[in-house]
Each structure stands twice: as structure tokens, then as C-alpha cells.
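A.B. asks: Note that the protein sequences, when read in sequence, are chains A and B.
Here my numbering is used: the first residue of the first sequence is 1, the next is one more, and so on.
Here my numbering is used: the first residue of the second sequence is 1, the next is one more, and so on.
Just so you know, not all the hints are guaranteed correct.
As the list claims (entries may be wrong) - Listed below are several chain A residues computed to face chain B (Cβ distance under 8 Å; list not exhaustive):
(1) G311
(2) L313
(3) G333
(4) I336
To be verified - Chain A stretches covered by chain B per the calculated footprint, using a threshold of three residues with CB under 8 Å from any CB of chain B:
(5) 86-96
(6) 249-263
Please keep in mind that the hints were generated in silico from the structure rather than gathered at the bench.
All C-beta atoms, glycine included, are put in the ideal place defined by N, C-alpha and C.
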Amino acid sequence: MNKLVVTSLTAALLGGCLDIDSNDTRTAPLENAAILTVNSDNSSSDLVAVGNDYESFESLNPQAFSDVVLSASDNSVYLINRFGQNNIIKYNSEEMGYVDWQYSTNNPDIANQESNPYQIIEKSSESAYILRYNTGEIWQVNPSAESDSEFKIAEIDLSSFDSDGIPEMVAATLYNDILYIALQRLTFYKSDNDSFLIAIDTSNNSFIDLSENDDNTTAMALNVRNPKELKLVDNELYVVGVGRYAVTDWNTGELLEATEYTGGIEKINLDSLTSETIVDDGDQDTHPYGQIYSVSVSGTDLVFTGYNAWGNLNTYIKIGDTSPVIFDEDINGEDIRFAKFDPSGQLWVGIADAVNPRTLVYSKNENNEYEVVQTVLTTLLPSDIIFK
Amino acid sequence: MVSIINILRPNIISLIYFTVISALCCLTVNANETELDTLQVYDQTSNYDSQRITLSSQDYAFGDLTSVLGRTPGFQIQTSGGFGAYSSFTFRGSTARSVAVYFDGVKVNDPLTGDINLSTFPLWSLQSVDIYKAIVPAHLANNSGTAVMNLNSQSIDDKQELKVSGGSFGYSTVAGNISGSNYLLSAEWLTADNEFEYTHNNQTPLNSDDDYSTNRLNNQVKRNFALIKGQEKLAESTLNLMAIHRQYETGVGNNLNHARSANLQQSSTLISTNLSSKHWQIYLNGDFAKHSYDDSENEIGLSKDSQDIKYNKYEAKVVNLIEFKNIHSTLSVQTHQETTRKEDLIDDTLSSNKITADYFSIAHNLSLNQNIKFNNSWLKRIESDDTYQTYNSSLGYSFTNNSWLRSDISISKKSRLPTISELYLNQGNIIANPDLEPEKFYEVNSQTKFNFSHIGGAIDFYIRDSKDTIIYSYDARGVGRATNEGKSQIMGLETMAYWHIGKFEINWGLELVDSKNISGMKSNNDKKLPAFFHASQYVSLSYWINQLSLGIANQRQSDMYYDTANSVKAPDQDIWSISANFQHYPWQLGVRINNIFDKYYTGFKTEPLPGRTYIFTFSISN
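Chain A on its own, in the form it takes in the complex:
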């Protein structure tokens, strides 16, 4: 009897401690938006589909790393695994979670390469461009390739745009079949040089001169330094510059060089190549928005975020030519990862609150004021977003 009892107890204990594996692949269509979520300790990330009713479908692509962003085109969603992973995953937007392909962005002829892909910009179903942040070459690839040998079509050398050969290509957009690329041009991770905008004619991968008055370069020097992202609205390109981060002692954290507020938001007319700084981040004494981190535009409304301190960002709105004001006092000082307008003009704000990670969806009410109309709940922290 004793043996029976012990055996039963043992079996029960064993059963209670062990899980049953499940290897089911989850898929969901891109109906409304897709959010890239990350864990607060950066130990994992996931792809989450947001349905038409703002419900979230999680576990579409759980991975044990977090330096991941999203890119989208008409029919595809790309998941870009950056530093340490160096690959891109393509999904059909009707079936996110089911992998069309995954290809490396490293050059197989270079040992130990960390290409660090930042963005893929699709021109057509047979041609796309990959920004490889840690290298001097941008790749033209075939998004319909059926093997890695068919993937890479060509590479364009951008190394001449930075004395160290790596111009830190950070963001790009297509306008009239011209690829506009923002180059940070960092030196030892510091933004001490002017950042550039360059243009490539995608019909022949040749450079277009954006600086006709300067025979030494085809690049256009930006008003803002350390660009982080681009937003194209009609023929106007909005460039967000973070400026130069503070430099601290590697060991002690002692401040060696203060933050330089050389960033802001610059608007460039791509037809006339005229440029203006529409939001200045200030100077050493006055910097009301902190370091500007992101921008999104819908009609006359421009929303941007500013980084104040660790885990502390504010969101601002600038309507027309007015001065920027706080967008919503209720979310001030949160760890805001994105504030982006969808095509219908709703603003999605991702709040990386580890206790209650959420994406707030704002819409204008009858008084023309933004108010929260939906909250998308996720398990991990919202980190990046794309829309259908």
C-alpha cells in the first residue's frame, strides 16, 4: 500500500512540474496594425497583429532577442533582426507568422561581419533595398528570391560619405523611384559631423546630386545631426535628428561631454530641395523637449517624442505653424516607444510600462481634440508599429 501511495504521489509530482511542448505556428493577417513587442529585460520579442476590433493576436514570431524592428510594403511585412542576428524575415501580410523566407544580410565573404540591417525598402516585388548600418554598402535584393543565392542583386558603395567608411545609413524612403537615405556619419558613436541626405536613382543605382553647388559631394548636409527616422508626406520629407548624446566615463559614469542639442525636426521639399527646421531642440541651456526621438504627421498635425532621462519621454503635438505643446499630460514621463499616425489619422502611442504595457489609440472628437478611443493590450512592451 505504501508503495502504491508513494508511486502515485511521485507520478503526480512529476506531472505537476513538467510542461507539454507545443510547436504550433500561429498566423494572423495584417488587418489594422502590427506591433513589435519586446520584453523589459530585452530577453525576447514578439510580433503582434492588431485586428479590426483592436484585439491583439500574439506569439506570431517569438524570438529570444529584442533588437528587432518592422518594415512594411503593399503586400509584405518584414521583421528585421538587427545587431547580433543580421537577418530579415518576410511574411505575406495576409498571413503574418508564416515565414516566406529568412535571409542573412551578412556578406558571406567577410568573416565575422555584423551588417546590422536597419530597414528594407521595397520598390517592387522583385526589387528592394536593405540599409546595412554597420557596413559601407547598401544591398539591392530580390524579395521574391527562392534561395539565398538569388537574394542579393547588387550592392551600392556608400563608404565615401564617411571618413571611416561606415556612414551609418539609418533610414530611407522612396519618392518618384528615388531612394533617399539619411546618413548619421558618427565617429566612435558620437555625432560630431554633419549628417547627410543622399539620393539614389533606383533605375540604375547611381547617385543623384542633391548638392549642386558643391562639387565635392552629391550629398545634402542636414540641419539636424544624428538622424533617427524619416517620414515622407507627399513631396515633403521630415527628418528627425537626436543630436549628440552625452559622453560618460565607461566605468564611473562621470559626465565627460554634455549632451549637444544639435537635433530637431527638419522638413525638406524633395522637389525644390529647400529645407527648414520646423522644431529646434534648443541648446545647452534651454531644451524644452529633451532630445527629439520620433515624428509622425497627419494633415497639419505633427506629433513628436522627446527623450528626457532613462525611461522618461514626453509626447508633443504641433498643429500647423503653432508652437509644440504637450500632447497628453496623462502619458508624460512614460517610456514611450512610438507615437505614429495610421492612414486614417488615428494616433497610436506605445507605452512601455512593464506593469501594464499598452498602445493607446487616439482619435479626434467633435471638438477636434484628441482622445483615447481604444487601448491595445500586449504582454510584452510595444516597441515598433506598422499599419495596413
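With chain A fixed as given, assemble chain B onto it according to the hints.
C.D. replies: Relative to chain A, chain B alone:
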């Protein structure tokens, strides 16, 4: 159910388990003093519910500290892969920095990070390993965290031994012990290139078409170790002197995207003086160590050319032992100073940080009738601007009904001070947090040890609540910061057993853990703790034919998540090994093949581990 079947396979394992349990419940056996050549021996005499792992001839022939701990329930090894490779461990789900590791009573954890590289201690120079999972002896109570491990060096007992080994991946080692009546000299030299073959997934795990076979590079290891011990009787006292020099060098890989020249060098010279009498022990210790990373090619992605960490430690400890009727008291008063200097050469700029910390601790064990035990300890650490102190306390009771069965139960409150690294040192994109509080652990431990003539073992059951656990969080900019926001509950069962049946000898260990993250973070709440296997089993079978022993062993580990959100599960591991050992006094000749089915696994995350490996060994002793 599938998992249960998997973990119990092969069937003989479950049969053994039920037999052992049944024996405990149903049998009344008179133990005798038959001495057996078991792989594990359980210390029945300790005042603490400790486990003593006495190293066997098989361990000396083929093993290292990682293989011994790796089969010990509660411990799991995290290795970069290969012979002598940099290896640390987890204990009951906590990292090595939560376990104080001592060498003959001198603490040897890295003072900066609290971590330890097990591969800097060759097994050859050790005699046994004591593990204190519950109540900690006063003379070892120093910011113990969850447990204490003491590596006991070879004893002085008039012997001469020499071992020569060779094996896969350029592995070779020469080791020797020479001991007289009052001295011991132990030394070992090891080298391995560890260039084993593995399948590289080209960093595209979802695309197997671009996988290719390659060799692990820059994974070489060189180790030199020398231990000198002396002993002199002085009237009623004994004077013990010990000096250890460790030198360790390894290439530092960059996981799958291997680096070519980055390397780590560790060296340490430890000097210990101990004067012992019946009632007093006085220790004076010094440790002078240096760790150097060279990454001049910027291969390991930390944007630094080199990093040197030097530390000096001076320690004084007085232990008083009193025995009055049935009361045993041990009082330990200790002070030590650690000076750490860290220098980084980054992009031609030198950055350095020197931190001096003074420690004071008092610990006391009280035992009444050998049954009731109290442990209290207080530790204070003073740095330039900050002071930290912790109190640890335990209460235990022993049930000793007869010579073959003993049970201990205890409740404890333990704590771990934040490390210097967590408090003060920025590392890459991680910023230090000087406001961290000590981690706290509340434990219930029970242990039953049994020892019959042909069967013996131990069963541990524990429950632990961890609070203020130090974890890292990252913000929008990708900058990490340590906080005390971790909180968890863990419950576990650990069993170890040996069984002799005629010419057969079976050793078996099982660890089952149920853990739960109870922090307020939504992603992690109610999830299992990551980075260790929740089910682990080791079984070995040896068969003796006169002087020849043949062995087969299997280790299965399952149910581990890579991440705190439990999004990604690690593959289960199932490794078999076989060995043959021929002993003909005074010499011994053996061969062992590890991972005979040539299975490829990864280490903690993506470090490739070797497939099939072999070791030949020859030793001679008087």
C-alpha cells in the same frame, strides 16, 4: 504526459526511483560499515545538512569540476563549450553570484561580479566538495546568498601521483601530486584548442538551406595550476600554510559569429595561513588577482580595446569553537578589504575606476543536543560613500533515528549584497545603480540522507521565496539599468542515490523544479524563471570485471526557457557517454567517450557545444 515519459526513459530509471523510495518507506535494514567505491558519498557526520561529494577515481581520470557539479542535482553548468572552457553555474535557478564559493575556507568568487569560472580549479587538486544548501557554517558565512560551496583541496597523506591525459580537439593535461608527512605539492597543466566542428545556421534559424559546417575558432584554453600546502604541529595547535597560483587563458568567441583573436586571461595568487587549535582557528589570507580582456580587433562587440581588472584582498578571520555538554557553539569574526581597479582602453582613451570595500562580519552557529541548530550572521560592507548590511538567520532541526537515516529541516532568511559591478560600474549600454538593495531569500529546506550497506542517497525538498531580486530593464534608447524589481517563488525536489548490486554500481540524480516569477511585470508574471532546466536527470551504470570497470552514463535535461516571458523554449538535451577503466596497482589506464551519439547542442544561448569527444588517461600512484 509525453514529457513524463521522456524524463523517465529509460524505464530502468523509474524502477530505480520507486525502489529507492520504497526502501525508505518500507525497509528496516541494519547498516554495516562496508566501504564501497561509489561516485558519490554522503557525509553523515556533519552538523549541517550538507552534502559532501567525494571525488572518485573515475572523476580524476575523466572529469572536471563542471562534470562533477553538472551531475549534482541543484547545479547546472553554463559553459562556452569544450575542454576546460569558461564555465559558471546556476544553483536552484540562481546565478553563481548567489553562491559563495570557497577554496579551503577562502572565498574565491570574483569580487567585482560575484561570478566564478569553475575551470580555473582543476579537479586533480581537490579531494571533495562540500555543499551547504540550507544552514551555512559560521566560518563560511559571508554574504552567502542562497548556498555555500567549499572546495576541499587534496589532503596531506604521503602520496605520489601522476596523471597524463589526451583527447579530442588538442586536449592534453599533465598533473601530479607529491605529498609527504607535512606538505603537499599539487600541480596541473592543461591545454586544448577546442576547434570542434559544428553546424553554423548562418544566423538564420528559420532557413536551414544556408546552414554550413565549420569549426569553432578562438576557443582555445590554457591552464596552469599549482598548490603548495604545509602543516606544522605547534604544541596544541597546528599551523597550516597554503599558496595557490592559478593562470587561465582562453579565446573569447562571439557565439556563432566567432571572433578570431579576442581573449581573456585570468591569474590569481592566493596565500592562506591558518593556525588551529581545539577551540580557536585564526586565518590570515591574501588574494592577488588580475583579469584581462583583449579586444583590440573589436570583435566581441563591446567597443573596447582592452579591459584590466586587478583586485587585492586581505582577510583576517577568527573562529571560536566551544563545546559545553550538549551545546556546540561556533563564532566567527571576520574582516577583509577588497580593492578593485578596473581599467578600460576604449578607442585610445583610458578609463579607470578604483573601488575599495571593507567588510566586517560576525556569524554564530549554535547546536543543542545535535538536533536544534541556530545560525545568525551579520555582514557590513563599507565603500567610500555607501554602507550596506545584511542579517541572515536560520533555525534547523535534525531527526536522527539511527545510524542509517538522518533528516534535517530548516527555515532560513538569507540575503545577497549587490555586487560592486551592479552598484558602481557602467558596462557598455548598462548603467550602474548605486541605490540597489540586497536581495532577500526566505527558504524552507528539508533533507533526508540514508545509507545502507549497498544503497544510499539523499532527498532534498525546498521552497524559496526571493524578493528584491536584481534584474535589468531597458528603455526606449536601449540603455539597461539594474533594479530590485524581481520577485519569484521556487520549489524543488532533488534526489541522489547509489546502489550496488553484485558487480553493478548505479548512481542516479534527479532534479525537478517548479518556479514562478511573481514580479509585477505583466510579461513575466506567473512565468517560469529562465536560463535553467526545470527537469534534469543523471544516471550512470558501472560494471566491474576484476580490475576493469565499464561504465555508461546518461544526462537528460528539459524544460528550460531562454527568456523571462517564456516565449522561446530551449531544446531538451540528452547526452550519453561510455567509459572503460583498467586499474592494476600502481597504474590505471582509461578511455571515455562523451556524447557518443554526436548530438549538437548550444550552451546558455547560442554557444555551440562539442559533439562526440574522447579522453585517454594514464595515471600512476603509490
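A.B. asks: Could you work out which of the previously given hints the structure breaks and list their numbers from low to high?
C.D. replies: Result: hint 3 breaks, nothing else.
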